[in-house]
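Order-wise, the sequence lines are chains A and B.
Using the numbering used here, read the first sequence as starting at 1 and increasing by one per residue.
Using the numbering used here, read the second sequence as starting at 1001 and increasing by one per residue.
Careful: at least some of the hints might be erroneous.
What the hints assert, rightly or not - Pairs of lysine-lysine, DSS-like flavour, derived with a Cα cap of 27 angstroms:
id : chain 1 : residue 1 : chain 2 : residue 2
1  : B       : 1339      : A       : 49
2  : B       : 1276      : B       : 1306
3  : B       : 1390      : A       : 49
4  : B       : 1052      : A       : 49
5  : B       : 1223      : B       : 1178
6  : B       : 1330      : B       : 1276
7  : B       : 1301      : B       : 1330
8  : B       : 1306      : B       : 1339
9  : B       : 1196      : B       : 1390
10 : B       : 1301      : B       : 1276
11 : B       : 1019      : A       : 49
12 : B       : 1306      : B       : 1266
What the hints contain is simulated information worked out from the structure, not anything from laboratory work.
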Amino acid sequence: MKRQKKQPSYNQRTLADRISGVNMNICGNREVIFEGSRGIVEYNENSIKINTGKYIVAFSGRGLHIRCMNEYSLIIAGFITSIEYIM
Amino acid sequence: MLIVLFLRWIFGYFDFIVKGRFPERFLNLASRNGLNLWNMQGEMGELRATAKIADKSMAELFAKKTESEFIVKKEHGLPYLCKVYRSRLGLLAGLIIGVALSCWLSGFIWNIEINTPPQINEYEIREQLRDMGFYEGTKYNSDEIENIERQLSMNDGRISWVSINVFGTNAFVELSAKIDVDKDNNENKTVVSNLKSVADGTITKINVHNGTAVVGVGDGVRKGQLLVSGIMEYTDGTNVLADSEGAVYAKTSRTVTLSAPKQYNKPMAVDEYVYKKEICFFGINLPITFCGNPTEGYYKKENKLKPTLLGNSLPISITEEKWQKYETKKLTLSDAEAKELLNNRLKLYEMFMLYSDDCTILSKKIKFEEKNKTYYLTVSYETEENICEKSYIQVKE
């Protein structure tokens, strides 16, 4: 039942991946399309912290949730009040 | 988005809660292993989410790995419904019968819509189709439909082509009327005609466009006499055939007698009704009211209700018949009533027969009398009218 970890194909890797960085598309304070995630560190309705490898990006606000996600990218929705980089 | 929801429902999904110290670990495992989650809501030490039923075992495994408690809150979708109603065989049987029935019924024609040109009556075509075995409730057979198309266009001389298009259980009959080809061909042929008189009279005015006038102003003519000849003679003795055209006005006199019997029979509606109802269900007529057709003296009014759903007629119709009784009553006309009736008829006669560009009433004398229990209105007219009538001559070329 244990699934083997699939290596992402070239197309699956985003631009952010290839240049080993983070790409964020912020739509007002309601939605963020985040690319370059290495894992979720904290997840609750007031705070979402995402590990990017070099640093952690922390989103604070109200009613925060992840709308959809895959291995490298995710969409955060809710009322965002701040974005913080934790080194 | 709707298709996504529908597919999720078809494949089934479940809501769950992961309770533990680090539910984020569950999320990371899920994203790395391709476990698709949605409706994710995180609280302190708790994660609520939804996933496909097929991924349930994987989600349980990840929860175990992260040392979290895994609680399934609710299951949704078709697999869940199947599980719930597995023991109720009647539902399954009903579903199978329903699907089989709809498959079987879709092989019939339940609605026929006929689109006819103005010169062809829709009812006649419907009756002809019925005689050929094509009616609401008949089984769909594409070969038979081709035969019906051919047969219908052969049987009815007014039809040039027929097309029967079947969409689902609806048949659309399209017709095209024949164009009179002979009439068109005649226009290209050489037409030779004379103008003849239609009444006796004295000629007052002649206006000839084509042909040779053989009468003059002041001449007296009789009915059927030649007025304008279609054979034109030139001074060098040669003849030319022509389609005579023109107008010859003459002073004419005519007498019209209108009559009305003093006593007459009139059918009068009585407040006595017989109602009949019939339901047509999938081509089968079932009477709702059990009574026969009334005997003589009743007239029928029929009203057909055909319900539609989303613009499509359903194979159900309700026919309401209202039979009203009529009694024949003997009535007697008074002098004033008879005069009024005959004057009204005279007005109609004048309107349709006399008042035109080609006829002028110069004078009229009206005489009203009663003879042998009948009223007569005799009118003598002095008119000036165009008395020409075309008379074609057959010419062999």
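Going through the hints against the structure:
1. B:1339 x A:49: 106 angstroms, violated
2. B:1276 x B:1306: 17 angstroms, holds
3. B:1390 x A:49: 103 angstroms, violated
4. B:1052 x A:49: With a Cα-Cα distance of about 26 angstroms, the restraint between residue 1052 (chain B) and residue 49 (chain A) holds, given a limit of 27 angstroms.
5. B:1223 x B:1178: Roughly 38 angstroms separates the two Cα atoms, so the pair is violated.
6. B:1330 x B:1276: Measuring from Cα to Cα gives roughly 31 angstroms; hence the hint is violated.
7. B:1301 x B:1330: Within the cut-off at roughly 25 angstroms; holds.
8. B:1306 x B:1339: Roughly 49 angstroms between the alpha carbons, so the hint for residue 1306 (chain B) and residue 1339 (chain B) is violated.
9. B:1196 x B:1390: 6 angstroms, holds
10. B:1301 x B:1276: Within the cut-off at roughly 10 angstroms; holds.
11. B:1019 x A:49: Distance ~19 angstroms between residue 1019 (chain B) and residue 49 (chain A) Cα, so the pair holds.
12. B:1306 x B:1266: 36 angstroms, violated
Hint violations for this structure: numbers 1, 3, 5, 6, 8, 12, all remaining hints satisfied.
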